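As they're listed, the protein sequences go chains A, B and C.
For the first sequence, position 213 (counting from the first letter as 1) is numbered 213 according to our numbering, and the numbering increases by one without interruption.
For the second sequence, position 57 (counting from the first letter as 1) is numbered 57 according to our numbering, and the numbering increases by one without interruption.
For the third sequence, position 43 (counting from the first letter as 1) is numbered 43 according to our numbering, and the numbering increases by one without interruption.
FYI, nobody ran anything at the bench for these hints, they're computed from the structure.
Heads up, a few of these hints could be off.
As the list claims (entries may be wrong) - Some chain B residues well away from chain A (every beta-carbon gap over 10 Å; in silico):
| hint | residue |
| --- | --- |
| 1 | T112 |
| 2 | T204 |
| 3 | E207 |
Claimed, not checked - Residues from chain C shown here face chain B by an in silico Cβ test under 8 Å; the list is partial:
| hint | residue |
| --- | --- |
| 4 | F2 |
| 5 | R51 |
| 6 | V164 |
| 7 | E166 |
Just so it is clear, the structure is predicted and the values come from calculations on it, not from any experiment.
Glycine is no exception: its CB is placed at the ideal position from the N, C-alpha and C atoms.
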Amino acid sequence: MFFVSDYGRTDEFVGVVHAVLRRLAPHARVIDLTHDVPAFDVRAGAATLARALPYLGPGVVLAVVDPGVGGPRRGVVLEAAPRRLEAEGPRWFVGPDNGLLTPALDPGSPITAVSLPPSPEGSATFDGRDVFAPAAAALCAGAAPADLGSPVDPSELCRLPERVVEPGTDETGRHRLTTEVTWVDHFGNVQLAGAADLVPLSVTSVEVGVSTPIPRVARVGTFGDLRPGEAGLLSDANSCLALVVNRGSAAEHFGLAAGSTVELVW
Amino acid sequence: MFFVSDYGRTDEFVGVVHAVLRRLAPHARVIDLTHDVPAFDVRAGAATLARALPYLGPGVVLAVVDPGVGGPRRGVVLEAAPRRLEAEGPRWFVGPDNGLLTPALDPGSPITAVSLPPSPEGSATFDGRDVFAPAAAALCAGAAPADLGSPVDPSELCRLPERVVEPGTDETGRHRLTTEVTWVDHFGNVQLAGAADLVPLSVTSVEVGVSTPIPRVARVGTFGDLRPGEAGLLSDANSCLALVVNRGSAAEHFGLAAGSTVELVW
Amino acid sequence: MFFVSDYGRTDEFVGVVHAVLRRLAPHARVIDLTHDVPAFDVRAGAATLARALPYLGPGVVLAVVDPGVGGPRRGVVLEAAPRRLEAEGPRWFVGPDNGLLTPALDPGSPITAVSLPPSPEGSATFDGRDVFAPAAAALCAGAAPADLGSPVDPSELCRLPERVVEPGTDETGRHRLTTEVTWVDHFGNVQLAGAADLVPLSVTSVEVGVSTPIPRVARVGTFGDLRPGEAGLLSDANSCLALVVNRGSAAEHFGLAAGSTVELVW
Numbered sequence: 001m002f003f004v005s006d007y008g009r010t011d012e013f014v015g016v017v018h019a020v021l022r023r024l025a026p027h028a029r030v031i032d033l034t035h036d037v038p039a040f041d042v043r044a045g046a047a048t049l050a051r052a053l054p055y056l057g058p059g060v061v062l063a064v065v066d067p068g069v070g071g072p073r074r075g076v077v078l079e080a081a082p083r084r085l086e087a088e089g090p091r092w093f094v095g096p097d098n099g100l101l102t103p104a105l106d107p108g109s110p111i112t113a114v115s116l117p118p119s120p121e122g123s124a125t126f127d128g129r130d131v132f133a134p135a136a137a138a139l140c141a142g143a144a145p146a147d148l149g150s151p152v153d154p155s156e157l158c159r160l161p162e163r164v165v166e167p168g169t170d171e172t173g174r175h176r177l178t179t180e181v182t183w184v185d186h187f188g189n190v191q192l193a194g195a196a197d198l199v200p201l202s203v204t205s206v207e208v209g210v211s212t213p214i215p216r217v218a219r220v221g222t223f224g225d226l227r228p229g230e231a232g233l234l235s236d237a238n239s240c241l242a243l244v245v246n247r248g249s250a251a252e253h254f255g256l257a258a259g260s261t262v263e264l265v266w
Numbered sequence: 001m002f003f004v005s006d007y008g009r010t011d012e013f014v015g016v017v018h019a020v021l022r023r024l025a026p027h028a029r030v031i032d033l034t035h036d037v038p039a040f041d042v043r044a045g046a047a048t049l050a051r052a053l054p055y056l057g058p059g060v061v062l063a064v065v066d067p068g069v070g071g072p073r074r075g076v077v078l079e080a081a082p083r084r085l086e087a088e089g090p091r092w093f094v095g096p097d098n099g100l101l102t103p104a105l106d107p108g109s110p111i112t113a114v115s116l117p118p119s120p121e122g123s124a125t126f127d128g129r130d131v132f133a134p135a136a137a138a139l140c141a142g143a144a145p146a147d148l149g150s151p152v153d154p155s156e157l158c159r160l161p162e163r164v165v166e167p168g169t170d171e172t173g174r175h176r177l178t179t180e181v182t183w184v185d186h187f188g189n190v191q192l193a194g195a196a197d198l199v200p201l202s203v204t205s206v207e208v209g210v211s212t213p214i215p216r217v218a219r220v221g222t223f224g225d226l227r228p229g230e231a232g233l234l235s236d237a238n239s240c241l242a243l244v245v246n247r248g249s250a251a252e253h254f255g256l257a258a259g260s261t262v263e264l265v266w
Numbered sequence: 001m002f003f004v005s006d007y008g009r010t011d012e013f014v015g016v017v018h019a020v021l022r023r024l025a026p027h028a029r030v031i032d033l034t035h036d037v038p039a040f041d042v043r044a045g046a047a048t049l050a051r052a053l054p055y056l057g058p059g060v061v062l063a064v065v066d067p068g069v070g071g072p073r074r075g076v077v078l079e080a081a082p083r084r085l086e087a088e089g090p091r092w093f094v095g096p097d098n099g100l101l102t103p104a105l106d107p108g109s110p111i112t113a114v115s116l117p118p119s120p121e122g123s124a125t126f127d128g129r130d131v132f133a134p135a136a137a138a139l140c141a142g143a144a145p146a147d148l149g150s151p152v153d154p155s156e157l158c159r160l161p162e163r164v165v166e167p168g169t170d171e172t173g174r175h176r177l178t179t180e181v182t183w184v185d186h187f188g189n190v191q192l193a194g195a196a197d198l199v200p201l202s203v204t205s206v207e208v209g210v211s212t213p214i215p216r217v218a219r220v221g222t223f224g225d226l227r228p229g230e231a232g233l234l235s236d237a238n239s240c241l242a243l244v245v246n247r248g249s250a251a252e253h254f255g256l257a258a259g260s261t262v263e264l265v266w
C-alpha cells in the first residue's frame, strides 16, 4: 500500500492511520510517499501522485488531501485498468472525490468506481482514519470495490483541469512555450508542466520570461553541464522541463512558486 | 510496537532506535506515531499518546519525552490491565516516569510497574537507544516486566495534573465552560480539554471568551456546516470540543496556543 | 537496509525510493536514518552515518547526499571488511563517491569497491531512484558487488578531510583543545570533534573560547548534573565532547553552528 496526505508529521494522524491499517490488514506493508503536501492543496497532492505512480508497482493507493471533509464530497474507491505503460502499477485508489485521484483516471482506460458510505455520526472530521483506511485495508485483505460501496459512473468523477502548456511561435518566428510551474521541490528545482521534448536538447539556450531584463539560460542535459550556481533548463527525473540551478535554488533565483506561469522563448 | 518521541526527524535518533529494536526484536514492526512532540513537552507527549491510544491495537508503546534524562527520574515499564473499552489496546508502556505515560494509568485499572536500571556509565544522554528500546524489544521478544527491573508501587508513579474543565452557570443564568487548549494541530484546529457533550449539538451558538469584543460562533456537527473561512465549535475526531475554521487555522483566527484558557458561554 | 539522504520529506523522493526497493527486493526491510541532512552537505551526511554506524547491525547502507549528481563523480558500492569493534555492522555501502561513505573506510580494513554504471540517458537527476536503489536492492537479493560494476582501487576513493582536533598546552601551562563543531542536534546540543577522554571527567571546569568574556562551564557526567538552563561540557551518546544546556539549546547559548571552531582551556 502507498499512503500520501497533507496530514503533516507533527501530529499523530499518520501514525494512527498506520495503526488502523495494521489492525485491519496485518500483512499489508505501507510505504509513505509524503505527508507534507501543502494543507488542502488538492492539485499539489494530485501532482505528487502523478509523479510517483510510474515507480510504485502493484498495490493500493490511499490518498487524503481533503478540504471538504465532513461536507458533501463523497469518498471513492477507483479500480484502474491495468496501466498501459506500467503493467504492474497500483490497481486501487482510495480517497476523496475532489480531483486528488485524477492521476488514476488514465485517459482511455476503463475504470470502475464506487462511492463509500460517509463516516459514522459524530466522527466526521478524520475520514482518513474512519473511512479511507478501513476501505484500503479491506482491499488489501481481498475485498472487491463492489463490497465497499455503491457504483459510480466514472465519467462523473471529479477531475482537475489540465495544466497550462501552450506551445507556439511569436511574431518574429521564434518558438514560444507558455507553461505553468507544477512543483518546487525541496532543493528549489522548478518543474514545469511541459514535457521535456517540447524544448529539444538541440536548442542551445532559452529566454525565461519571468522578469525584466529577460534572463537567458542554457538548455542542458543534466546538472553536471552547469557550473555551480549557474541556472539552466533540463529534463528532470519525471521527463518534464525544469528550471534548475546547480547546487542552488532555481525557485529563489527566478522568484517562482507552484502555480506561476513561465514563458520560454528560443 | 508504537513509538512516540520529541526526537525530531532532522537527526538520526529515530533511525538508530529503530535499528536497535530490529537487532533485538527482529520480528517486531514499529509504527511511528510522531517524533515532533515539542522538545521536552511532557504534557504534549502525554496528550498525543492519549489521543492515539484507542486506535492502536495490541502491542508495546515506547514513549520518550524526557527533559530529565541523566537525572534522578527513573525509567519504567508499565503493564496495563486489559483496557475496558478497547479490549485489545497496548499492554505495555516503556518510558520515563515523568507523567508521559499517564494515559496508561486508566483510572481504576490494576497495573503492574517496574523500574528500569539506569543506562550504563558514560552513555547517560540517550536512554531511548540504551535503556528504553532494549526494554521494549525484550517485551516484544516475550520477556515479562518483572524480568526487566524492580517492582514499583503504581500509586507512586508520576501523574500529570488534570486539565482545566470547569462547567458552570454565570450570574445571568447562562451556561459557562472554562477549559484549556490541549492541542493545536497541523491545520490550526484548536482542541479543548472539555468533552464534546459539554456543549450539546442542540446549542445554536457560543461566545468564545478570548478577546474583546467577544466573538460568537456556531456550534456545528462538522466542517461541512461552515462556509470556507468561517469559525465554529464542533466535536472533533477524539470527541473533544474543538474550535475550527473551515479550510483555515482557528489558532490564528482566535490567537490561541496549547495551554491557553478559553471561556465558552451560551 | 538503512537509508540516509538529504531528500527531505516534503516531496515523494523518499517514498519513491522505498517503492523501487520493494519492487526489486520485496523482503528487504528499510530503516530510514534521516532524510533531513542539510541539502548538499556531504560532511554532515558522513557525520550522521558515522554516528549511527555502531548501532545498525548487519545490512546494506544506502546513502545519498549528492551535489554532483549528473556530473563526473561516480557511484560506488563498497564492501567493508567485518568491522573490528562491531562484528555485525553493515557490510555494503551504496552511494556517490564524494566522501559521504568515508565512515565505511575503516582505517586498516581491507575493502572492496566497484564503480556503478551511470544512470540511463535522460534520467540523470535522480540517481537515488535510478542507480543507487537498484544496486542496494540487488545486494539485498544476493548479488555480489562484482556483479554490479567495475572494480575500483579503494585507495582512490574520495575521503573527507579529518576534522580539526588539536590538543596542546598554552604558554602558562594550561591544557588547550582546539576542535570543530561537527553537529548541532534537534535539541541544540553542540557535538565537538574531540573524543570525550580528551577532557577527562576529573577536570572541574573549562573555559569555552567562543566569545569575550570567555565563559567557563562545568565538566559534568550528564545532564542531571546541571541545573535547568545551566551550560556544561559532557561526553555525549557518541562518546564525543559536547557543549550542552540542561533543557535548553547550547547552540543558541554559545552562538555555535556546525563547522564553528571552539577552543577549550583548563
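Right, here's what the structure says about each hint:
1. A cut-off of 10 Å between C-beta atoms confirms that B:T112 is not in contact with chain A; the least separation is 24 Å.
2. At roughly 18 Å, the least C-beta separation between B:T204 and chain A is larger than 10 Å, which holds for a residue marked as non-interface.
3. Distance check for B:E207 against chain A: the nearest CB is about 23 Å away, which clears 10 Å, and the non-interface claim stands.
4. Given hint, C:F2 at the interface with chain B, holds; its Cβ is 7 Å from that chain's nearest Cβ, closer than 8 Å.
5. A least Cβ separation of about 6 Å between C:R51 and chain B falls short of the 8 Å threshold, and the interface hint therefore holds.
6. Using the Cβ-Cβ criterion of 8 Å, the hint placing C:V164 at the interface with chain B is not satisfied: the shortest such distance is roughly 22 Å.
7. Proximity of C:E166 to chain B is violated relative to the hint, the smallest CB-CB distance being about 24 Å (cut-off 8 Å).
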